Amino acid sequence: MEGESIKLTNLTKSYRKHEAAKSLNLEVNKGELFGFLGPNGAGKTTTIKMLTGLLEPTSGSAEINGIDIWQHPLKAKEKIAYVPDQPNLYPKLTGWDYLEFVGSVFRLPKDQFQAKANELLQIFSLTEQANDLIESYSHGMKQKIAICGALVHEPDVLFMDEPTVGLDPKSARNLKNLLREFCDNGMTVFLSTHILEIAEQMCDRVGIIFEGDIIALGTMDELKAGEDAEQSLEDIFLELTGGEDQQAIINEMSDDDGDAK
Amino acid sequence: MMKALLRNQWKIFINTLKSQPGKNYFGYFVMFAVFGILLYWFSAGIWALSDVITEPVFAGILTYGFLIVIGFIILLGLPQVFKHLYSATDLNLLFTMPIPTRHIFWVKYLQSFVGIPLLVFVLYIVPLFVYGAFIGANLLYYPVVLIVLLSVIVIGLSIAYLFNLLLVQVVPASKVNEFMTVMSFLSGIFVYLLFMMPTMVNDRPLSEMILAGLPLFPEWVPVTWASDAIIGAVSGSIGFLLPLVMIVVLAVIFFILTSTLVERGFRTGWVKLSEGGGKKRKKGAVKKSGPKLNHPVIAVGKKEWYAIKRDVREWLVFMPLIFFFIFGFAGFLASGGGLSDLRGPSEVTWPITQAILLFIYAMFNGQIASSTIAREARSVWILHILPLSGKDIAFGKLWISWLLPFVILTVVEIVIGLFFGWSAVQFMAGIAMKAVITVGISGIGMWLGTLGAKYNPDNPQNRLKFGTAFILMIASYVYLFFALIPFVMLLIPVEVMDFAQILSQDIDGFFGSVAGFVYTVLSWKAASPVMVSIAGILLMLIFSLGISYLFTMMSARKIDQGIEIEMVQSTKSKPSLKNRGGLSPTMLKR
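For the protein sequence lines, the chains are A and B, in the order given.
Under our numbering, the first residue of the first sequence carries the number 1, and numbering increases by one thereafter.
Under our numbering, the first residue of the second sequence carries the number 1, and numbering increases by one thereafter.
Read the hints as simulated data drawn from the structure, not as lab findings.
Note that the coordinates shown come from a computational prediction; the quantities given were computed from them, not determined experimentally.
A virtual CB, placed ideally from N, CA and C, is assigned to each residue, including glycine.
Wrong hints could be hidden among the right ones.
What the hints assert, rightly or not - Not close to chain A: a few residues of chain B, all C-beta gaps over 12 Å, as computed:
#, residue
1, 35
2, 524
3, 532
Said to hold, decoys possible - When the alpha-carbon atoms are kept at most 25 Å apart in a straight line, the in silico DSS-like pairs for lysine-lysine are as follows:
#, chain 1, residue 1, chain 2, residue 2
4, B, 18, B, 83
5, B, 83, B, 11
6, B, 309, A, 142
7, A, 176, A, 142
8, A, 170, A, 142
9, B, 465, A, 75
10, B, 391, A, 75
11, A, 75, B, 302
12, A, 116, B, 391
13, A, 142, B, 18
14, A, 142, A, 110
15, A, 79, B, 558
16, A, 142, B, 272
17, B, 83, B, 3
18, B, 23, B, 3
19, A, 116, A, 30
20, A, 30, A, 224
21, B, 292, B, 391
22, B, 391, B, 272
23, B, 558, B, 465
24, B, 302, A, 110
25, A, 110, B, 292
26, B, 83, A, 79
27, A, 142, B, 302
28, A, 7, A, 75
29, A, 79, B, 302
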């Protein structure tokens with residue numbers, strides 16, 4: 001892994017008095033699979049949207065391969081792909097039409113497009129449904145075709161918001177393997193997830209965001225080094241984000257119930 | 001069970017009222033005030049005209065009036081009935097509860113009275129009572145009017161229900177989105193035929209028949225019973241009883257017929273529509289012909305084309321065209337005109353047709369171009385994320401929104417031209433002129449689309465804010481006026497020069513200046529016709545293409561800066577007790 005693929009410098013997003021992202025500083029290296037964790041409303045999606053050009057930062061900068069996405073959006077967007085948690089795609093396009101559209105926009109050579117598109121459709125078991133309209137797809141199928149669209153042009157940096165939600169176990173496993181393989185071949189993946197197991201198993205590094213601040217950052221070993229070595233990522237996450245307090249209350253309630261019986 | 005359901009509906013109604021934003025109350029007040037004033041004028045008109053309305057004329061008015069009631073309720077009530085039967089959000093819950101389907105249906109049926117039927121009821125009952133008071137009708141008149149009107153409304157509403165309940169069994173679930181369009185189209189034709197019935201069954205025009213006091217329909221037609229019952233009740237004669245009983249019995253039969261279809265048409269229909277079963281699944285794997293990758297501008301237009309081609313609702317924009325041509329033509333033939341009457345010298349038919357077609361282009365092009373922006377709706381993130389400039393997107397949307405009406409109307413023009421026997425030059429000149437001029441309208445439309453885009457999930461074809469749509473309509477015609485000046489000058493013969501000179505000397509002000517301008521151009525044209533023709537064509541090209549380029553670039557800039565698509569929530573009331581007005585914007589920002 002060498003060179004920064006993603007660089008956040010004092011990246012801030014404010015909504016009046018509320019700061020959804022507080023002066024974030026972060027670097028993700030090329031070929032790294034980075035997991036971005038945080039409880040609901042912590043600022044994960046806000047950050048991803050600022051990194052993908054969907055939400056303008058209040059201040060600070062976001063760079064993709066050294067290109068500021070807000071200064072040179074088109075250049076930066078040539079390098080990235082994004083899969084949102086709720087992929088609203090064009091309902092009246094077939095899966096194949098959608099991939100062709102993405103291929104046209106990225107001006108892919110026909111042979112390369114066909115080979116890659118067919119390969120992805122096969123990996124995600126969509127070959128048979130490729131000529132169906134997207135409106136007929138289930139949520140998981142929409143998610144899969146959105147992932148195919150994101151990968152068909154082999155982006156340098158892939159942003160994924162809760163990528164495994166809605167996927168069947170086989171597709172989720174395929175995606176995990178595929179992401180690992182892509183990262184080993186130099187692609188950078190920045191994914192947000194609630195499923196800590198995924199982050200623990202797959203990610204090279206993990207960042208935890210809480211109330212707009214990155215409160216922890218490092219490899220799994222680095223995170224554990226500061227805590228009890230036996231702790232899981234879930235324990236660390238709950239401890240850092242205050243979930244332990246709730247857990248204590250739940251435990252207390254359970255104990256009370258037990259006593260009452 | 002019915003009681004619980006009705007009480008629930010009542011609570012929903014009260015809570016909806018309570019949770020309305022303040023401006024909505026003002027809106028309702030204005031609406032009621034306008035409605036009240038209209039009703040007052042209508043009643044005052046009836047009062048003033050009452051003494052010239054003889055009994056046979058009144059019978060004719062009633063007969064046709066009741067036909068209109070049925071027609072309006074079918075036409076305007078259909079979407080309302082559809083909403084109550086199949087897209088009401090509470091059905092998901094109600095069908096999982098131990099409530100007989102029939103009870104749910106009856107509550108929905110009662111709910112349907114609020115809306116178009118209620119409006120029609122008030123619009124009819126007040127003037128009819130005013131008329132009764134003026135002519136000093138027998139006391140029987142008032143309850144008979146009430147019963148007859150309610151029966152006619154029940155008949156109309158039941159037909160609307162039957163339409164829904166029957167069609168839902170025929171239309172495949174994969175066509176759910178298109179269901180309403182198909183239904184509106186069929187009901188449009190049905191109602192058109194209904195309104196045309198008096199003209200078709202009689203040889204004389206409808207107005208003549210009514211004024212002459214002649215019966216519009218034979219005695220066995222139900223609207224005649226309704227009319228007969230009221231006429232009989234005016235004088236208090238017992239003759240009102242039989243037609244009254246007949247119309248009431250018919251209403252009951254319609255109601256029973258409707259409720260027999262509840263189980264199959266309502267519950268299973270709802271299940272069928274909710275499943276949306278396997279939409280348009282074409283069998284077969286990936287296309288064998290290989291991928292068709294295009295330039296991004298073409299790709300953007302192509303995806304717009306797929307969205308239009310594959311959704312019947314998108315074609316609704318052309319509905320006025322169908323009504324304009326087909327019904328206008330049918331009406332002309334029905335009124336005794338012949339095809340040969342339409343033919344005339346091509347010097348006359350050609351410019352008239354061009355004017356009509358340009359009028360239609362002005363209506364469609366801007367609308368189609370503007371709607372390409374809001375069509376993105378929830379898929380807008382895809383264009384955000386792709387490396388597409390605003391220019392790529394704007395030109396991609398421009399070419400398809402210009403080409404589509406151009407192809408359709410050119411086909412129409414060719415058919416018309418062949419019928420009239422135009423020359424090849426006339427064909428080419430007309431098509432080329434419109435090709436150039438209309439691209440400007442598309443450019444303006446797109447720019448306005450970037451300013452006032454709106455997406456309403458309940459009405460996905462309504463893609464422009466009201467104010468913007470209004471400005472678009474005016475802007476299209478203003479543009480057309482200026483863009484056509486060079487073309488019109490090319491058409492005006494030089495022989496008109498002297499007349500224009502006289503006019504310019506005799507008239508002052510704006511019209512005098514116009515005549516002076518015409519005279520000057522014609523004198524140039526007389527001196528060097530070829531040069532003026534070339535200059536005129538060049539001017540038209542520069543103006544039209546220039547406007548188109550300018551507005552498309554302005555659209556591109558707006559897309560780069562960020563477009564706000566107003567996302568209208570499906571409910572017009574506040575979702576809870578606090579809200580900022582039911583709109584959530586979506587930004588298309590680069």
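Cross-check of the supplied hints:
{"no.": "1", "hint": "35", "result": "holds, 39 Å"}
{"no.": "2", "hint": "524", "result": "holds, 48 Å"}
{"no.": "3", "hint": "532", "result": "holds, 45 Å"}
{"no.": "4", "hint": "18(B) to 83(B)", "result": "holds, 23 Å"}
{"no.": "5", "hint": "83(B) to 11(B)", "result": "holds, 19 Å"}
{"no.": "6", "hint": "309(B) to 142(A)", "result": "holds, 21 Å"}
{"no.": "7", "hint": "176(A) to 142(A)", "result": "holds, 18 Å"}
{"no.": "8", "hint": "170(A) to 142(A)", "result": "holds, 16 Å"}
{"no.": "9", "hint": "465(B) to 75(A)", "result": "violated, 34 Å"}
{"no.": "10", "hint": "391(B) to 75(A)", "result": "holds, 15 Å"}
{"no.": "11", "hint": "75(A) to 302(B)", "result": "holds, 24 Å"}
{"no.": "12", "hint": "116(A) to 391(B)", "result": "violated, 28 Å"}
{"no.": "13", "hint": "142(A) to 18(B)", "result": "violated, 39 Å"}
{"no.": "14", "hint": "142(A) to 110(A)", "result": "holds, 24 Å"}
{"no.": "15", "hint": "79(A) to 558(B)", "result": "holds, 24 Å"}
{"no.": "16", "hint": "142(A) to 272(B)", "result": "holds, 22 Å"}
{"no.": "17", "hint": "83(B) to 3(B)", "result": "holds, 22 Å"}
{"no.": "18", "hint": "23(B) to 3(B)", "result": "violated, 33 Å"}
{"no.": "19", "hint": "116(A) to 30(A)", "result": "holds, 22 Å"}
{"no.": "20", "hint": "30(A) to 224(A)", "result": "holds, 24 Å"}
{"no.": "21", "hint": "292(B) to 391(B)", "result": "holds, 22 Å"}
{"no.": "22", "hint": "391(B) to 272(B)", "result": "violated, 43 Å"}
{"no.": "23", "hint": "558(B) to 465(B)", "result": "holds, 17 Å"}
{"no.": "24", "hint": "302(B) to 110(A)", "result": "holds, 17 Å"}
{"no.": "25", "hint": "110(A) to 292(B)", "result": "holds, 8 Å"}
{"no.": "26", "hint": "83(B) to 79(A)", "result": "violated, 46 Å"}
{"no.": "27", "hint": "142(A) to 302(B)", "result": "holds, 21 Å"}
{"no.": "28", "hint": "7(A) to 75(A)", "result": "holds, 15 Å"}
{"no.": "29", "hint": "79(A) to 302(B)", "result": "holds, 24 Å"}
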